[in-house]
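A.B. asks: Going by our numbering, 257 is the number at position 55 of the sequence shown; the sequence numbering is gapless.
Among the hints, erroneous ones may be present.
Unchecked claim - Computed list of lysine-lysine pairs in DSSO-like fashion (alpha-carbon distance at most 27 Å, straight line):
#1 329 with 234
#2 302 with 271
#3 329 with 212
#4 302 with 316
#5 329 with 316
#6 302 with 329
#7 316 with 234
#8 307 with 271
#9 212 with 316
#10 329 with 307
What the hints contain is simulated information worked out from the structure, not anything from laboratory work. Keep in mind that this is a model prediction, so the values were computed, not measured.
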Amino acid sequence: MDYTTLVDDKRLDAFTRLIDVIDANLPDGFEKTTDGNGIHYVVPLSTYPSGYHVTPGTPLPFLSVIAQKHHVAVYHMGVYSDTELLRWFEESYAAQVPTKLNMGKSCIRFGNVKHIPYDLIGELVSKMTPEQWIAAYESR
203 MDYTTLVDDK
213 RLDAFTRLID
223 VIDANLPDGF
233 EKTTDGNGIH
243 YVVPLSTYPS
253 GYHVTPGTPL
263 PFLSVIAQKH
273 HVAVYHMGVY
283 SDTELLRWFE
293 ESYAAQVPTK
303 LNMGKSCIRF
313 GNVKHIPYDL
323 IGELVSKMTP
333 EQWIAAYESR
């Protein structure tokens, strides 16, 4: 896939590496898509026909990687919905990365791509299967 339309040249290598790490570690069952703004991983309608309640008829979103103006962001719905997973990620990040975690509810922002903890992101994305995400989504 050509990511040059999604990210500037100076962050292209980091963006590509981040996608490669996610692809290598994400459990089977998620589907990789793009909308021209980023790379998204969803639970396909063939697995979860109910789809996303906000936009009926669309797959259930789980994870996105988007290059914003000043950062590369990983949007991970699992850390938004699972407090234990969030706590694990925050503690692991603090132990492994020299910079402060810049995070919203589901958005992990990397202003300096030199500090992206690729192995930690790989481990994070490996921790939730589509079935676990569906269960968490339905319990909200």
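A.B. asks: Given the hint that residue 329 pairs with residue 212, test it: the Cα-Cα distance must not exceed 27 Å.
C.D. replies: Violated - the C-alpha atoms of residue 212 and residue 329 are around 30 Å apart, more than 27 Å.
A.B. asks: Quickly compare the C-alpha distance for residue 329 and residue 307 to 27 Å and report which way the hint goes.
C.D. replies: Measuring from Cα to Cα gives roughly 18 Å; hence the hint holds.
A.B. asks: With the threshold set at 27 Å, check whether the alpha-carbon distance from residue 316 to residue 234 stays at or below it.
C.D. replies: Judged against 27 Å, a Cα distance of about 25 Å means the pair holds.
A.B. asks: For the pair supplied as a hint, residue 212 and residue 316, confirm whether the alpha-carbon distance does not exceed 27 Å.
C.D. replies: Holds, at about 11 Å.
A.B. asks: Would you check the hint for residue 302 and residue 271, treating anything up to 27 Å between C-alpha atoms as holding?
C.D. replies: 19 Å, holds
A.B. asks: Residue 329 and residue 234: Cα distance at most 27 Å?
C.D. replies: OK: residue 329 and residue 234 at ~17 Å, within 27 Å.
A.B. asks: Residue 302 and residue 316 were given as a pair; does the straight-line alpha-carbon distance stay at or below 27 Å?
C.D. replies: It holds: about 13 Å lies between the C-alpha atoms, which stays within 27 Å.
A.B. asks: Quickly compare the C-alpha distance for residue 307 and residue 271 to 27 Å and report which way the hint goes.
C.D. replies: Measuring from Cα to Cα gives roughly 19 Å; hence the hint holds.
A.B. asks: Given the hint that residue 302 pairs with residue 329, does the C-alpha gap stay at or below 27 Å?
C.D. replies: 23 Å, holds
A.B. asks: Within 27 Å, alpha carbon to alpha carbon, are residue 329 and residue 316?
C.D. replies: 24 Å, holds
Consistency with the previously given hints fails for number 3 only.
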